[in-house]
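Chemist: Sequence:
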Amino acid sequence: MHVVGIRVLTENGICACCSPCVTVHTLHVSSCAAKTVGFRLGSYKEGYSGVVEPSECIHISEKAKTIAKAFQTYVRQSPLPVYDLCFHTGYWQNTDCSKLLVRQRCYAHIPLSANQPHKGCWRNAEAPFVHIMGEKHIYEELCGLRFRISPDSFFQVNTKATEKLFDLLKEWCGDHLDETVVLDICCGTGALGLCLAQSVKRVIGVEIIENAVEDAKANAQLNGVTNAQFVCGKAEDIIVDVFKNMPRKTKIIGIMDPPRAGLHQSVLHAIRKSRRMDKLIYVSCNPSAAFVNFLDLCRPTSKRIKTAPFRLVKAVPVDLFPHTKHCELLLLFERDMTSVDAAKFYKWYY
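Residue numbers for the sequence shown follow this note's numbering, beginning at 155 and rising by one.
It is possible that part of the hints are untrue.
Unchecked claim - Here are the computed lysine-lysine pairs in the DSS-like style, where the Cα-Cα straight-line distance is at most 30 Å:
#, residue 1, residue 2
1, K427, K468
2, K223, K318
3, K457, K371
4, K314, K460
5, K324, K223
6, K479, K405
7, K427, K460
8, K403, K427
9, K460, K479
10, K433, K355
11, K290, K189
12, K217, K189
13, K388, K371
14, K398, K371
15, K324, K457
16, K403, K460
17, K468, K217
18, K427, K457
19, K219, K324
20, K457, K468
21, K460, K318
22, K460, K433
23, K403, K388
24, K460, K398
25, K468, K314
26, K427, K479
27, K479, K318
28, K398, K318
29, K427, K314
30, K457, K479
31, K324, K403
32, K468, K388
33, K355, K219
34, K318, K457
Calculated directly from the structure, the hints in this document are not laboratory data.
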């Protein structure tokens with residue numbers, strides 16, 4: 155296995171010679187000693203969880219630290235207790251402090267209808283978003299393309315480092331892709347697939363979040379991409395339909411950037427059974443949680459899955475989160491044509 159490390163040069167947590175990356179920090183509130191607003195340490199499973207102020211964190215902007223300090227002062231003056239995750243009692247729990255790389259429109263006069271006191275304090279986190287005023291989306295640039303992003307759509311936060319990741323992924327896809335179809339699983343707003351679209355015959359994106367699919371379609375139109383199709387639904391069902399309607403000798407490359415927990419086993423089985431997909435590129439933000447996915451892809455043939463397994467060829471960490479222990483892991487899988495099923499595979503394919 156070939157392992158290479160890629161690190162984007164940083165200065166005080168920000169990409170050197172680049173614009174600051176988009177950051178979203180969830181600040182927790184703790185009642186340890188005094189009420190504290192900051193980052194949570196430890197875990198409840200291990201029997202310990204505390205919160206420390208972000209003042210010494212070099213990857214947090216000074217503005218975010220100022221906001222956290224001001225909120226901490228407010229919470230300490232409040233008679234309401236901190237929320238206890240063990241006993242589910244209390245009030246103050248967490249807040250999000252976001253720094254965005256967008257041009258914000260400033261309004262000289264904000265209508266009274268925009269003022270809805272305390273509404274965000276009692277609404278459930280899963281409740282639908284309510285548009286009060288202004289634009290409904292933000293826009294971000296990546297690899298020379300412009301992307302529309304909804305509030306609940308996923309988009310990589312460190313765009314400059316993400317471009318490095320995408321460049322490597324393009325390299326792994328190979329050359330002469332004029333007749334190749336890319337299947338983008340968990341496509342989100344379509345960033346990865348759209349960045350590849352100009353090099354391949356067609357891109358098919360699959361995503362279960364409806365707003366993200368609408369963003370992906372809008373992004374294709376926004377960038378004049380006509381060879382990309384985005385479908386909303388369960389990946390395991392759509393993968394089967396895609397291969398049914400695809401000419402037999404079409405070359406297909408799978409790419410996927412799933413949630414932290416990885417993909418459901420049914421999706422992995424659908425990928426394994428897709429004989430024409432002989433190359434798969436997996437972007438993992440949490441390799442430990444997705445490790446079972448890697449095993450399922452490489453597991454030997456069985457009565458349940460008779461197609462050839464994949465084998466891991468390369469693994470490259472990309473540092474999207476400077477000064478933290480986290481990184482994105484880019485993995486290249488290829489069909490193992492030395493397996494028992496190889497002869498049957500070749501006979502069917504050709």
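Chemist: It remains to establish, for every hint, whether it holds in the given structure.
Modeler: Hints, verified against the model:
{"no.": "1", "hint": "K427 - K468", "verdict": "22 Å, holds"}
{"no.": "2", "hint": "K223 - K318", "verdict": "35 Å, violated"}
{"no.": "3", "hint": "K457 - K371", "verdict": "39 Å, violated"}
{"no.": "4", "hint": "K314 - K460", "verdict": "41 Å, violated"}
{"no.": "5", "hint": "K324 - K223", "verdict": "43 Å, violated"}
{"no.": "6", "hint": "K479 - K405", "verdict": "37 Å, violated"}
{"no.": "7", "hint": "K427 - K460", "verdict": "8 Å, holds"}
{"no.": "8", "hint": "K403 - K427", "verdict": "16 Å, holds"}
{"no.": "9", "hint": "K460 - K479", "verdict": "38 Å, violated"}
{"no.": "10", "hint": "K433 - K355", "verdict": "16 Å, holds"}
{"no.": "11", "hint": "K290 - K189", "verdict": "35 Å, violated"}
{"no.": "12", "hint": "K217 - K189", "verdict": "21 Å, holds"}
{"no.": "13", "hint": "K388 - K371", "verdict": "17 Å, holds"}
{"no.": "14", "hint": "K398 - K371", "verdict": "23 Å, holds"}
{"no.": "15", "hint": "K324 - K457", "verdict": "35 Å, violated"}
{"no.": "16", "hint": "K403 - K460", "verdict": "20 Å, holds"}
{"no.": "17", "hint": "K468 - K217", "verdict": "40 Å, violated"}
{"no.": "18", "hint": "K427 - K457", "verdict": "12 Å, holds"}
{"no.": "19", "hint": "K219 - K324", "verdict": "37 Å, violated"}
{"no.": "20", "hint": "K457 - K468", "verdict": "28 Å, holds"}
{"no.": "21", "hint": "K460 - K318", "verdict": "36 Å, violated"}
{"no.": "22", "hint": "K460 - K433", "verdict": "17 Å, holds"}
{"no.": "23", "hint": "K403 - K388", "verdict": "25 Å, holds"}
{"no.": "24", "hint": "K460 - K398", "verdict": "18 Å, holds"}
{"no.": "25", "hint": "K468 - K314", "verdict": "22 Å, holds"}
{"no.": "26", "hint": "K427 - K479", "verdict": "35 Å, violated"}
{"no.": "27", "hint": "K479 - K318", "verdict": "19 Å, holds"}
{"no.": "28", "hint": "K398 - K318", "verdict": "34 Å, violated"}
{"no.": "29", "hint": "K427 - K314", "verdict": "36 Å, violated"}
{"no.": "30", "hint": "K457 - K479", "verdict": "40 Å, violated"}
{"no.": "31", "hint": "K324 - K403", "verdict": "22 Å, holds"}
{"no.": "32", "hint": "K468 - K388", "verdict": "28 Å, holds"}
{"no.": "33", "hint": "K355 - K219", "verdict": "47 Å, violated"}
{"no.": "34", "hint": "K318 - K457", "verdict": "41 Å, violated"}
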